[in-house]
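Engineer: Letter by letter, the chains look like this.
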Amino acid sequence: MESSTTPRTSATVCGMGHSMKRKEDPRFIRGQGHYVDDIKLPGMLHMDIVRSPYAHAKILAIRTEKALAIPGVLAVITGETLKQYNLHWMPTLMSDTQMVLPVEKVMYQAQEVAAVIATDRYIAADGVEAVEVDYEPLEVVVDPFKALLPGAPVLRTDKEGKTDNHIWHWETGDRAATEKAFAEAEVVVKQDMYIPRIHVASIETCGCVADFDPAMGHLTVHMTTQAPHAIRTVFALVAGHVGLSEEKIRIISPDIGGGFGGKVPVYPGYVIAVAASVVIGKPIKWVEDRMENLQADSFARDYHMTAELAAKKDGTMTALRIKTLADHGYADAAANPSKFPAGLFSICTGSYNLPIAFTEMDAAYTNKPPGGVAYRCSFRVTEAVHAIERVTDVLAQELKMDPAELRFKNFIQPDQFPYKSALGWEYDSGNYPGALQKAMDNIGYVELRKEQAEKRQRGELMGIGICSFTEIVGAGPSKDFDILGIKMFDSAEIRIHPTGKAIARFGTKSQGQGHETTYAQIVAEELGIPASQVQVEEGDTDTAPYGLGTYASRSTPTSGAACAIAARKIRDKAKKIAAHLLEVSEDDLEWEVGKFSVKGAPQKSKTIQEIAFAAYTNHPPGMEAGLEAVNYYDPPNLTFPFGSYICVVDIDRGTGEVKVRRFMAVDDCGNIINPMIVDGQIHGGLSMGLAPALFEEISYDEQGNISGGSFMDYLVPTSMETPNWETDKTVTPCPHHPLGAKGVGESATVGAPPAIVNAVVDALSHLGVRHIEIPMTPEKVWNILREKGVAE
Amino acid sequence: MADHNINIKVNGTERKAQVESRLLLVYFLRENLSMTGTHIGCDTTHCGACTVLLDGQPVKSCTVLAVQADGREVMTVEGLETGGQLHPIQNGFWQEHGLQCGYCTPGMLMTSYALLQHNTEPSELEIRQAISGNLCRCTGYVNIIKSVQHAAAKMHADQTEVKGGV
Amino acid sequence: MIPAPFDYHAPQTLEEAVALLQSHPDEAKVLSGGQSLLPLLKLRLGAAGHLVDIGRIPGLEYIHEEGGFLKIGGRTRESALEHSDLIRSKYPLLLETAEVIADPLVRNLATVGGNLAHGDPANDHPATMLALRAEIVATGAQGTRTIPIDQFFVGLFQTALAPDEILTEIRVPEPPARSGGSYVKLERKVGDFATAATAVQVTLGPGGEVAQIGIGLTNAGPMPLRASAAEALLQGKVPSKDLIAQAAQLASQATSPGADRRGAVEYKKQMSRVLTMRALQRAVDRANQAQAEEH
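Taken in sequence, the protein lines are chains A, B and C. Residue numbering for the first sequence is 1 to 792, as defined by our numbering. Residue numbering for the second sequence is 793 to 958, as defined by our numbering. Residue numbering for the third sequence is 959 to 1253, as defined by our numbering.
These are calculated hints, taken from the structure and not from any lab test. Quantities reported herein were computed from a predicted structural model and do not represent experimental measurements. Treat the hints with care, as some may be off.
[Unchecked claim] Straight-line Cα separation of at most 27 Å, DSS-like style, residue types lysine-lysine; simulated pairs: (1) C:K1227 with A:K659; (2) A:K339 with A:K455; (3) C:K1147 with A:K659; (4) B:K808 with A:K40; (5) A:K420 with A:K409.
The following block holds chain A by itself, in its conformation from the complex:
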């Protein structure tokens, strides 16, 4: 597959490689974006939710009289209401079950307990305050280790025969060979790591307008969802028994103010709003406020890992072993492909030629909200890469080896691709040494090490951290990947109009990734129709072809491929039409962007626009009119973007504050559709890597009370905390993707945290520090400085 860095098309056509200004921007810069909370329908009512202050409690009584007495409050919905329709529980994406509204007990603080329906938002809020609930607190389980001890209170008493809090055990790799390798190893390092709960905190929270039309028996839900078709099918399956039928359900995902995985799951609020709309027969709007969002949905991570690396004295890695305890909250509602309860964690062998590996994981129930797969994690790749990149640095420290040198020594080499990893992945393409070398050259690594040595003499704390990650995106091939049984293909449907313009619809759903521009650029690349003349649509299940949505950086690898294939099908038909128009055989024609011409007689040609017109006015006899194609793309493999990041930090010895002085990110996502958009994704991803590394954390006390449940304490970095990101790229095309492209949206969130941790540890390694848990708050760092006697 050739690498494309210089665009082949003109600026007018604007195909791949052009930094086309985004086609969606004109509405956003005018404040004319169309988000869920902007929707106003006639007769629309507002819903607000009563939430539990307790993490684990029996519900003794819910009294609604005071609420119902407030003028404008129309109804209060409880678990008992929904139980009548058997809607009080629903399946999760991992085939567990979770409550929509509780009947017997609540299982996490801020759990939905009742819903108030009112004529306006303000009255609904008053209604919520007026609902009275009597609780009997129960023993709370927040520590997943304690949850798995014999004698721990059993949380899921709703599951018949369940006698513990263990959800599942998962393992992959060769346990015996790994044990043997560790037993025989010259060097072994081991490191415990905890990746705390964090929250996507997209600036738009979650919400919906559920609009049931009783006359037609038709439900439309305008919803903050990254996966509208999957939602439609889930609703049809879950609520089929109350009369909702898939052809009469329409999910519309309008403009979404950031998803990051937090808008994939089906939250109770959506289901209650739908139920309310069906029962009342009016549109119901539910939009959560920020504290509800932070406390009840969209969380990510919460992995307790122990990573071990076996190696030879010269630094050659021989085996990897990782054991993890996953805290899933009270239900496994993680949005993973169904065969992967731990997502794609088995990418944990990383960028290294590790011949032997084994990893196992257990998941536990606790009194916390359900979830886990979000925050640009690529299905747990953030956790996996944190483990391997941290333990690699621990090994480097143990061997007193430069971390770059250790990585070069162990990288999978370019000539080893496609590379079969010890845990079963076939990496498509990569050049890991190239990326790391470029990062080192760009940032001046050698000079920085000199500077560090000088500063150390003066007692100044400066660190340099490296992360060389391999990502795994584009779920995924149908033999392995499905969500609730629905295979993870994705789709594109392209139709060319008589005047040569086009409309293209997809099964994905952008929440800011620029699909209206990038997909148009693919069509432009393949057909020569200017991207500005290709209208792109996503998100309306009535019109878009079926797809699994946008998350885990899958859109370019799946729908992007489908787009290219569909366009090529159109080109095939266009060739036939051109042959007919030019009265030659197809074999006499050659294609250059935007037209077919006769070989040897280039003046005899037909543009795609002429061909399109002919498709409706002069198509060949025996051929259908029209010029369109659909493709449902089943990717043959995932794609493996990669990169090397280098971070430079300075530590304030008085306060423990970590300042990121420089950050160089070299990324490789194969062939690039729009460099400007890719850079934007990297900038955003880096910022969502900085945040968990230094600032963000959601935690719980012994009673299950949340800490970090508002923006007061959940510290989303501002422009002042965020450094100026420096980016560069290498281009190693994907051999199996029609465009040679890979996904990229989450690479930076995967690669940045280990680079920053490695830098801070590096700043303190001469004092014997080996590891620091994230977030590396000033207090945490200062405690270390104090312990080591170097605090100011």
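On the provided structure of chain A, position chains B and C as indicated by the hints.
Structural biologist: What follows is chains B and C alone, placed relative to chain A:
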């Protein structure tokens, strides 16, 4: 609890209404006036998605009562474009990819617009400080800064042109 | 996010405002910038049946020097302090304080008077006004009175203001020659309250010794704190690095911060020490520089 009659000049036009005391300015704009360009992103006055100009100053409209704005002037993102022409700050965001999901964008635009009204050549630090009350999750702020610099350069060039190119 | 219902009043004069406060004791709250009060009401913490908006009353926003004092109107916006040439040139402590209050958008509405009257030890101006030995002017049903800053803060969220009193002016003594001030704040991110913060205002005598010193600490206990022992140690002496370190230690010892997400007690106390050292050094350097510029 009595309602109040208010008259607020929004983007140059007087808008009258009868409102509850507790109605927040952001809801007045979004619901009473159906001007949904101004967004809500939090409940603790942190995110800045609700930023509008109140008598020319950028403020968080979620933390202002509509009644407080009675008799005063409000400018929202809908007021940036004039006579069908985008304001340089809007064009700057477009040219420099200063937005992705677009949700924080109106707030960023209003804050940046206000900055450029009194500081025509802001440094990177000054831009970062000015937008430090506006959270963005998508862009990492890098291109937002470039967008503001783009607009500043354009406005500066326009002014120089007007002055006769000296 | 939605406040409970309340009554709203927008008096046109101070007298009207005071009368309103008098007629709704226990229920009325003054609405100044609203950047502390409205967030509380939105979370339905702290009820207020009546809001008395002093935003329409003329003559409450000003920054000028008169009669040996810097006089700041109670409703002066923080952003006005930031953009004032007078403040920038003569009151660096006030500038540095204003610059780190919340964020720039909040500062366009937040008022100096509100920042003080809220009685929150986490707010920034209280420590600064302690360091500056300011006076608070309040107007109520009994008339107008002046309250020395050391008598102004009486408890957590409690000031010496009577329920019918409005903070109308803050008076800061004009600093003599050879003065300097600094506010150093450690915050987890822009917009946060202080993990710890120290305000220092110092005047040096002819021999470089401390002629006047004021040290105030933010979020270091249930009330804004004056580091009296530290002040006493420095009084009359040349502020060497060692002496500054000792003074900072004394200041730290006087603190009683609560443990929370910003830090454990020990960390916060140590940060009070570090920041006090830095603020003292900066203030002294500025005072020396002012002296150098004189000559």
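Engineer: Indicate, hint by hint, whether the structure satisfies it.
Structural biologist: Do the hints match the structure? See the list:
1. C:K1227 with A:K659: 22 Å, holds
2. A:K339 with A:K455: Measuring from Cα to Cα gives roughly 50 Å; hence the hint is violated.
3. C:K1147 with A:K659: The hint holds at about 12 Å.
4. B:K808 with A:K40: Roughly 21 Å between the alpha carbons, so the hint for K808 (chain B) and K40 (chain A) holds.
5. A:K420 with A:K409: 18 Å, holds
Violated hint for the displayed structure: number 2, the only one.
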